[in-house]
Structure formats: structure tokens, C-alpha cells
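Trainee: With the hints as your guide, set chain Y onto chain S.
First to last, the sequence lines map onto chains S and Y.
The opening residue of the first sequence carries number 531 in this note's numbering; numbering runs sequentially from there.
The opening residue of the second sequence carries number 531 in this note's numbering; numbering runs sequentially from there.
Some hints here could point you the wrong way.
One copy or two, it doesn't matter: identical chains are merged, so the pair holds either way.
[Said to hold, decoys possible] Dumping the calculated EDC-like pairs for lysine to aspartate or glutamate here, alpha-carbon to alpha-carbon at most 20 Å:
id : residue 1 : residue 2
1  : Lys532    : Glu556
2  : Lys704    : Glu677
3  : Lys789    : Glu653
4  : Lys726    : Glu605
5  : Lys532    : Asp564
6  : Lys532    : Asp555
7  : Lys558    : Asp572
8  : Lys789    : Glu722
9  : Lys532    : Glu592
10 : Lys726    : Glu661
11 : Lys558    : Glu536
12 : Lys616    : Glu700
13 : Lys678    : Asp564
14 : Lys617    : Glu653
No wet-lab data here; the hints were simulated from the structure.
Just so it is clear, the structure is predicted and the values come from calculations on it, not from any experiment.
Protein chains: 2
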Amino acid sequence: MKTYLECIPCFLKQALFAAREATDDERKIKLILDAVASHIPDIPLDSPPPQTARLVYGPITEITGVSDPFRELKEQSIQTALRHYKKMKSAVESSIDPLRTAAGIAIAGNVIDFGSHQHFDLEKELTAALEKPLAINHYESFRRSIEKARTILYLGDNAGETVLDRILIETIGKDTIYAVRDIPIINDATLEDARKSGLDSVARIMSSGCDAPGTILDRCSPEFMEIFRTADVIISKGQGNLECLSDEPGPIFFLLKVKCPVIVRNLGAPKGGMILKDARL
Amino acid sequence: MKTYLECIPCFLKQALFAAREATDDERKIKLILDAVASHIPDIPLDSPPPQTARLVYGPITEITGVSDPFRELKEQSIQTALRHYKKMKSAVESSIDPLRTAAGIAIAGNVIDFGSHQHFDLEKELTAALEKPLAINHYESFRRSIEKARTILYLGDNAGETVLDRILIETIGKDTIYAVRDIPIINDATLEDARKSGLDSVARIMSSGCDAPGTILDRCSPEFMEIFRTADVIISKGQGNLECLSDEPGPIFFLLKVKCPVIVRNLGAPKGGMILKDARL
Chain S
531 MKTYLECIPC FLKQALFAAR EATDDERKIK LILDAVASHI PDIPLDSPPP QTARLVYGPI
591 TEITGVSDPF RELKEQSIQT ALRHYKKMKS AVESSIDPLR TAAGIAIAGN VIDFGSHQHF
651 DLEKELTAAL EKPLAINHYE SFRRSIEKAR TILYLGDNAG ETVLDRILIE TIGKDTIYAV
711 RDIPIINDAT LEDARKSGLD SVARIMSSGC DAPGTILDRC SPEFMEIFRT ADVIISKGQG
771 NLECLSDEPG PIFFLLKVKC PVIVRNLGAP KGGMILKDAR L
Chain Y
531 MKTYLECIPC FLKQALFAAR EATDDERKIK LILDAVASHI PDIPLDSPPP QTARLVYGPI
591 TEITGVSDPF RELKEQSIQT ALRHYKKMKS AVESSIDPLR TAAGIAIAGN VIDFGSHQHF
651 DLEKELTAAL EKPLAINHYE SFRRSIEKAR TILYLGDNAG ETVLDRILIE TIGKDTIYAV
711 RDIPIINDAT LEDARKSGLD SVARIMSSGC DAPGTILDRC SPEFMEIFRT ADVIISKGQG
771 NLECLSDEPG PIFFLLKVKC PVIVRNLGAP KGGMILKDAR L
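Bound conformation, chain S alone (with noise of 0.2 Å):
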């Protein structure tokens, strides 16, 4: 997916979000939303928006020194999550459909967010997963896939929403590795956010190898692309994942919960809308 213009004061209001994350002081917030509008020239549209994270984030520790400005507000949002994690448990086991009930859940979980949007309330974003229909929904060729896969890749997107990622593991049971970011890029997840959240007891974690906020294949390891190329499903959660991978032929399903106008025209779904979508469909 390309990077619209509507992306471009987007960058500077998730600049000025992660900047208050990072600093009270005005001036060097000033200076950071300066350094972010210099960029804007730079910002290549034909790519997708992750690839422009590092101009926008990167002043931020530069101007700041604080290479992690969501460390705080990530680890809330896995307590957050962890809180919910045992009614959710239950919805799912005692649900006639537990892989529909699990996927909801982990679409709703993609609720946090602190790049597309800032405000959110994860309990009724849950909630509601367990009754709303799916805007996109690819389900019937998921639930095929998945009964029929060995091998599953799991890209995460946020820390907190692992959490709810974990329940779906463990409804799929399957093999499944589990890939985050190389690096704290806004509040994505990291190696040490999904041990935090137990995804080590039911997949096998992995850094994907890319410094984005979303998995831009020819900057992600060797490793990773060895099984991103021969998984028989990959699970690929959020906006970030879906915008670098949409015209990626491949097993992938896309799990997200819809946040922006940018994705709201590319998908034809409404925002806050559950997208279960199957790239080959």
C-alpha cells in the first residue's frame, strides 16, 4: 500500500503524540515537529507508511534522547490486557465456534494503537468483539486454512494486543512462530513484550528483523523470510503489517481493527470496522 497525503499531517500528530511521551518541554517538542516537517519532502509516497516511521520517530530520540518513549504506556497496555485475558479465556471455550470467538478477540485487541489513534477503550472494544460481525469477513477461508496448516507465522503489531494474540495461539494450537519488531518503534511489540505477555509458553518468538512499524519485507532477516516464504498461513495483525504486505501474494490473513480514512478507502470498510481478510481474495 502507498503512503496518501492524508498520511502527511498524520505523521506530525503521531510526532506530536510520541514527542509528550518523551518530554513536558515544549521547546524541544517544537523542535521535534520542526525536524519531522523537514523530512516531509523526503516522505516517499509510492511506500508504504511504515517505511516513513524512521523520519518521524527517529527526531524524537535524537532531540530527546529517549529511544523508547511508549515503554511506560506499553507495559500498561499488557497489564491492561493481561487483566482480561482469563474472561476471554472463558468466552472462548465456552463459545459453539472457539476459533471465531478467538480471532474476534484478537481483532479487538488491535484497538491499541497509540500511532493511528490515540483513545480507546479495550474492555468494551472486547466486549463488543464477542457479539459484532465482521466487516471483512474471510472467515470460512481462514478456518479452512488454518485446519489444514503444520506451520503458522504470526506477525504481531502492538504490545498489550499480544495478549489477546495468545489466546488465539492457543485456540489454533498449532506450530506457530510469533514475530515482533527488532527495535521499540511507537508502542509495537518486542521480543521483552511478548515474553511479558506469555507468548513464550505457546510459540516461538522472533524478531522479524525490521525496524518499522510494520514488516517491510527487504528489511527483514534472512531468517525471517526463510519462513515468512514456506508458513502455510500467516496471521498478520494491524494496519502497519497490512499496509507493507497488501499486495503480497501468499497465505496471509489480515486481522485488524480499522483506524484511520487511509485504510477505511483501501479496504471499503468503515472505521472501527473487524477486517478478517484473506489476501488472495
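Mentor: Then chain Y, alone, in the frame of chain S:
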């Protein structure tokens, strides 16, 4: 009022919206965003946001050659508002407090604003205005000041809103000067828009001399300043005028809809709130 850091991403959002009104050429729009971004380090945070309008809207004219991108939207807004004139006039005439009803209608009309937000439903706003309480309610002071006043200076804001302002001016029935922007800027009313709204039959229309989307006093004409300093009551419509005049002493009443988070914080009123504020209280 100063410019807040949140205004900065919003300036780019406004530039994008306005650029799209001026041209369909995505390449030119990107050049406009690049140009606006290059001005971000020059934005004076100690000045009100309307001071920055030239940096935001200037590149649109320079790059597209279009000096009034909102011309068509302004015309549509006036026509839409004129269709509501009769019904709103009747509502005022049958009200137990015509001045209060007319003030509410004029405030609701401030929703027509393609700068701070771009989606609204005038009919819904006007209907709600007839029942909805004011979020800041200095109506008693307003009523008393209007009763005593001989001369009123009315600072217009957006084209279309002008038609609803006319109802308030007719209801007040006193000697009124209606001041508009000197040149087209965003969708703010000019002399031509005021005439199309029928204001010339109920007030003396004049330019404030200011080319910004707000009344920046040191860019206003001496003729306007003489009236500004001597009018018994000043009715100031909209966010842009509030941003420029919030620290002014004098018999100013701010009538507006709260449309952005910066005004929410500044006034302590909710987004969407209807404001009738005495500057002296």
C-alpha cells in the same frame, strides 16, 4: 490566544483540505504540503493561529494559481443557509425570548467552518440550537449590554453563517456595523459574501482591513480600529476572532461553536459546545 503545538499538525490538515479544493493534481498538492511544512519552523507560537494562515494558505495560491479555493463551497454555504432563513426567522418570532433564540441560531451557524473541521450538518445544528443549553452562558450580561447599546460592531466569520448572523442583527434592531475579512481566506466571509447573505439591508458592511482568518488588530484598518474602540458592544463570531481577541479588554461577546481540542482546553468547554462568552467575565 497563542498557537498551541496541536495547531501544527492541524495546519497541514487544513492545507491539504484547501489544496484539494484548489486542484486535483496530487503532485501539486504534495508540493503545497512540502511548502507548508517548510514554514513550520517559522510559526510564531506566541501569536494566535490566524497569524499563521498566510504560511498555510499562501502556497496554495502560489502553486495552483487559485486565489480563492473555497469560492464554490462559500456559495453553497450561503445558499444552504438562505434555505433555512425563513424557518429560523419564524422560530425567533414565535420565541418567548427572541434575542436568546436568535443568538443560539447565530452560534449554531458557526458550525459552517472549513478551516477547523470539514464535516457538519447545518440543519441538525440549527434544530439542536433551538433547544440545546449554552456550554458557556453569559446571556444575561449579553442581553443587558445589547439593551443599553446604541452601536454594535459585529465581527463576521464564515460565509453562510452570515445569513444566520443577519437574523440576530434583525432581532437586535440597532445600528450595526458588520465587519468582514479584506480578502478571501479559507471560507471566511468577504464583502461580496455578506451582500449575498442580505446583510447590506440590515447593517453597514465593511472590511476590517485584515487578510487573516481572524481579527488581528494590528493588521486592521484605522477606520475599523476607530469603530472597534468606540462601539458599545462587539459581537465576535467564531474561533478565529476569539483566538485574536481573547486578551482584549472591552465589551466583547464571543459567540461560537467549539470545534477543536485547543479551544476545548482554552475555554474549558466541550467540543461541539455552544458558547456565548462575555470577554470581561
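Trainee: Indicate, hint by hint, whether the structure satisfies it.
Mentor: Verification of the supplied hints:
| no. | hint | verdict |
| --- | --- | --- |
| 1 | Lys532 - Glu556 | between (32 Å within a copy, 13 Å between copies) |
| 2 | Lys704 - Glu677 | within (9 Å within a copy, 79 Å between copies) |
| 3 | Lys789 - Glu653 | within (17 Å within a copy, 28 Å between copies) |
| 4 | Lys726 - Glu605 | within (9 Å within a copy, 58 Å between copies) |
| 5 | Lys532 - Asp564 | between (24 Å within a copy, 18 Å between copies) |
| 6 | Lys532 - Asp555 | between (34 Å within a copy, 17 Å between copies) |
| 7 | Lys558 - Asp572 | between (22 Å within a copy, 15 Å between copies) |
| 8 | Lys789 - Glu722 | neither (26 Å within a copy, 41 Å between copies) |
| 9 | Lys532 - Glu592 | neither (27 Å within a copy, 27 Å between copies) |
| 10 | Lys726 - Glu661 | neither (29 Å within a copy, 52 Å between copies) |
| 11 | Lys558 - Glu536 | between (25 Å within a copy, 14 Å between copies) |
| 12 | Lys616 - Glu700 | within (13 Å within a copy, 65 Å between copies) |
| 13 | Lys678 - Asp564 | neither (52 Å within a copy, 50 Å between copies) |
| 14 | Lys617 - Glu653 | within (11 Å within a copy, 45 Å between copies) |
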